[in-house]
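Okay, so the sequence shown: first residue is 0 according to numbering that gives the first Met the number 0, each after it adds one.
Quick caveat, the hints were computed from the structure, so don't treat them as lab data. Positions of the beta carbon are idealized from the N, C-alpha and C atoms, including for glycine. Hints may be right or wrong, so weigh each one.
[As the list claims (entries may be wrong)] Pair ranges (Cβ atoms, derived): (1) S365 with T115: 20 to 30 Å; (2) Y483 with S365: 29 to 39 Å; (3) D335 with D82: 12 to 22 Å; (4) V488 with A177: 11 to 21 Å.
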Amino acid sequence: MAHQVGSSGIIAAPAGGAARPRLPGMWAPFLLTIAAVGALCAYALLLVASSSRGAEMPVAAPFAAGAFAFFQLIFPATRPRRDHVLSPLNWAVLAFFLQLVAMPLMISCVGMSRGTLPYLPSAPAVEKSLLLSILAFGAFSGGYAFLERGGRGAGARESARLRLPRLLVAAYVVMGVAGILLRFGSFGAMFATLGDPEKFWSGTPATETTLADAASTFLRPFLIGGIVMAWCAWIEQRGARASRLARLLASALAAAAMILVGATYAFNRGSFVVPLVALAAAYSFHVRRLSMGALVSMALLLLGLSAVFGQYRRGEATPAELLEGGGQRENVLPKDPLGEVQVYGSAPQFAGFLLEAGERGERRFSPRVLLGSLMYPVPVLGKPFREESGPVIFNRLIYRESDIVDQIIPFQAEVWLSLGPVGLLAAFLLLGALLARLQRAFDAAQTTFDSYAIQFTAIWATFLIQGSLAVVSQVFVYFALPIYGYMLVRRWLRRWEPDEESPTVGLASLPASR
Numbered sequence: 000m001a002h003q004v005g006s007s008g009i010i011a012a013p014a015g016g017a018a019r020p021r022l023p024g025m026w027a028p029f030l031l032t033i034a035a036v037g038a039l040c041a042y043a044l045l046l047v048a049s050s051s052r053g054a055e056m057p058v059a060a061p062f063a064a065g066a067f068a069f070f071q072l073i074f075p076a077t078r079p080r081r082d083h084v085l086s087p088l089n090w091a092v093l094a095f096f097l098q099l100v101a102m103p104l105m106i107s108c109v110g111m112s113r114g115t116l117p118y119l120p121s122a123p124a125v126e127k128s129l130l131l132s133i134l135a136f137g138a139f140s141g142g143y144a145f146l147e148r149g150g151r152g153a154g155a156r157e158s159a160r161l162r163l164p165r166l167l168v169a170a171y172v173v174m175g176v177a178g179i180l181l182r183f184g185s186f187g188a189m190f191a192t193l194g195d196p197e198k199f200w201s202g203t204p205a206t207e208t209t210l211a212d213a214a215s216t217f218l219r220p221f222l223i224g225g226i227v228m229a230w231c232a233w234i235e236q237r238g239a240r241a242s243r244l245a246r247l248l249a250s251a252l253a254a255a256a257m258i259l260v261g262a263t264y265a266f267n268r269g270s271f272v273v274p275l276v277a278l279a280a281a282y283s284f285h286v287r288r289l290s291m292g293a294l295v296s297m298a299l300l301l302l303g304l305s306a307v308f309g310q311y312r313r314g315e316a317t318p319a320e321l322l323e324g325g326g327q328r329e330n331v332l333p334k335d336p337l338g339e340v341q342v343y344g345s346a347p348q349f350a351g352f353l354l355e356a357g358e359r360g361e362r363r364f365s366p367r368v369l370l371g372s373l374m375y376p377v378p379v380l381g382k383p384f385r386e387e388s389g390p391v392i393f394n395r396l397i398y399r400e401s402d403i404v405d406q407i408i409p410f411q412a413e414v415w416l417s418l419g420p421v422g423l424l425a426a427f428l429l430l431g432a433l434l435a436r437l438q439r440a441f442d443a444a445q446t447t448f449d450s451y452a453i454q455f456t457a458i459w460a461t462f463l464i465q466g467s468l469a470v471v472s473q474v475f476v477y478f479a480l481p482i483y484g485y486m487l488v489r490r491w492l493r494r495w496e497p498d499e500e501s502p503t504v505g506l507a508s509l510p511a512s513r
C-alpha cells in the first residue's frame with residue numbers, strides 16, 4: 000500500500016507499517032537477468048568497437064556490470080527503492096552503480112583520465128581494482144540483506160507534528176553566527192572575501208591555526224543546522240497548509256543560505272551539496288514526493304554549481320568578471336569535464352594506481368595506516384598518526400613530497416592493502432549492516448529533521464564506497480556536531496514525555512513551544 004497524503008498535506012504511512020513496493024516475485028529475477036545479459040552483450044559490442052579504434056577496455060568491466068545485477072538478483076533487499084528515490088539504500092546503490100557500471104563504461108568509451116596521477120596503472124592493476132569493487136558490493140549486499148530481514152515494516156509513521164524548541168534553533172543560529180564572526184570579523188567582510196577567491200586564499204592560514212580559527216571551524220556547521228531546523232519547524236507548523244509557491248520560496252531561501260555558509264569552507268562542494276540532498280530527501284518523505292523530473296533538474300543544477308565552485312575556488316576570476324563574460328567565464332568551466340567525472344567518480348584507474356604503487360613502494364601498508372586515516376582529521380590527538388596515514392602516503396606516491404595532501408585515497412584499495420581480502424569483506428559487511436539500520440530508521444522517521452539527519456549520515460557513510468576513510472572521519476568530527484547536539488537534546492527531553500506508551504517517539508510527542 001502506498002503512502003497517503005493526509006488533510007494537512009504531509010505524507011503519512013498507513014497503519015501497520017510502510018509497505019515497500021516491489022516488482023512481482025517472478026518478474027524481478029527475470030528482468031534483472033535480462034538486464035545482466037543485455038549489459039554483457041552491450042559490453043561485448045563495445046569491446047569490439049573500442050579495439051577497432053585502438054582504445055583499451057578492462058576485461059573485468061562486463062563482469063562488474065553483471066555482478067551489479069547478480070547481487071541484486073540473489074539479495075532482493077538491495078534492489079533500489081521505488082517509493083522514495085532519495086533514501087539511504089538508493090544512495091548506496093547509486094554509488095556502486097557508478098563504480099561498477101558507469102565508470103568502467105566511461106573509460107571504455109573515452110579512455111582513462113590520468114588526473115593528477117604521475118602515470119596510469121597497468122591493465123592488471125585496473126582489473127584488480129574492479130575485482131575489489133565486485134567483492135565490496137557482494138559483501139555490502141550480504142550485510143544489508145542480513146540486517147534488513149528483521150526490519151521490514153518496522154514501526155508505523157504518523158504525520159509529523161514536531162515543533163522544534165525555539166531555544167535550540169536560536170542556540171544553533173547564534174553559535175553559527177559566532178563562527179562566521181570569528182572567521183571573517185563581520186558579514187560584510189565575509190561577502191567581500193567570498194566575492195574574491197584570491198582574497199579568500201590569502202586570508203586563509205597556511206600553517207598555524209589559532210584557537211579562533213579552530214572554534215570557527217567547529218561552530219559554522221551549527222548555522223547550517225539552525226537553518227535546517229528553522230526550515231523543518233516552518234514546514235511542520237505552517238508549510239503543510241502553505242501554497243506550493245510559499246514552500247518553494249522558503250526552501251530556496253534555506254538552500255541559498257546553506258550554500259553561502261558552506262562556501263566559507265574553502266568553497267568545498269560537499270559542505271553544501273550533501274545537506275541540500277538530505278533536505279530534499281526530508282521534503283520528499285514528509286511533505287510532497289518529488290517527481291523524477293524534479294530530482295533530475297535538481298541534480299543537474301547541483302552538478303553545474305559544483306563544477307563552477309570547483310574552478311572558482313582556484314581564484315581565477317571574481318563574480319564581477321564572470322558576469323562580464325569573455326575568457327574569464329570560460330576559465331571557470333571545467334577544461335576536461337569527462338576527466339573531472341572520472342576523478343570524482345573514483346574510476347578504477349585511481350584505486351589501480353594505489354594497488355600497484357602501494358605493493359611496489361618501500362612503505363608497506365598495515366592496520367596502523369587505517370588508524371592514521373581515521374585519526375587524521377582529529378585535532379591534537381590525530382597529529383601523531385598523520386605521517387603514517389593513508390592520505391599522506393597516497394599523496395606522497397603521487398607528488399613525491401609530503402607537503403601536498405589534496406587527493407582522496409580510495410578506501411577499498413587502502414583497506415585491501417592494510418587488512419587483505421578478509422578486511423575488505425568485513426568492512427563492507429559492516430557498511431551494509433549500517434545502511435540497513437539507517438534505512439529502517441529512515442522508514443520510521445516521524446520528524447523532518449530526523450529524516451534529514453539520517454540521510455545526511457547515510458550519504459557520508461556511503462562515501463567509503465568511492466571516497467576515503469579520512470574524509471568520512473572529518474565529516475563526523477566537524478560537520479555532524481549539530482546532529483549530535485540534537486540527539487542529546489532529544490534524549491534529555493524524552494524524560495519529560497507524559498506517556499511512555501505513546502506511539503510517537505522522541506521530540507514528536509513534546510508539547511509545542513510557545
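Range hint compliance [Cβ, D335 to D82, 12 to 22 Å]
violated (38 Å)
Note whether the CB distance of Y483 and S365 lies within 29 to 39 Å or breaks it.
The hint (29 to 39 Å, Cβ to Cβ) holds, given that Y483 and S365 are roughly 31 Å apart.
Verdict for V488, A177 (Cβ pair) under range 11 to 21 Å
holds (19 Å)
When you take the CB atoms of S365 and T115, is the distance between them in 20 to 30 Å?
Given about 25 Å between the Cβ atoms, the range holds.
Of the numbered hints given earlier, the model fails hint 3 alone.
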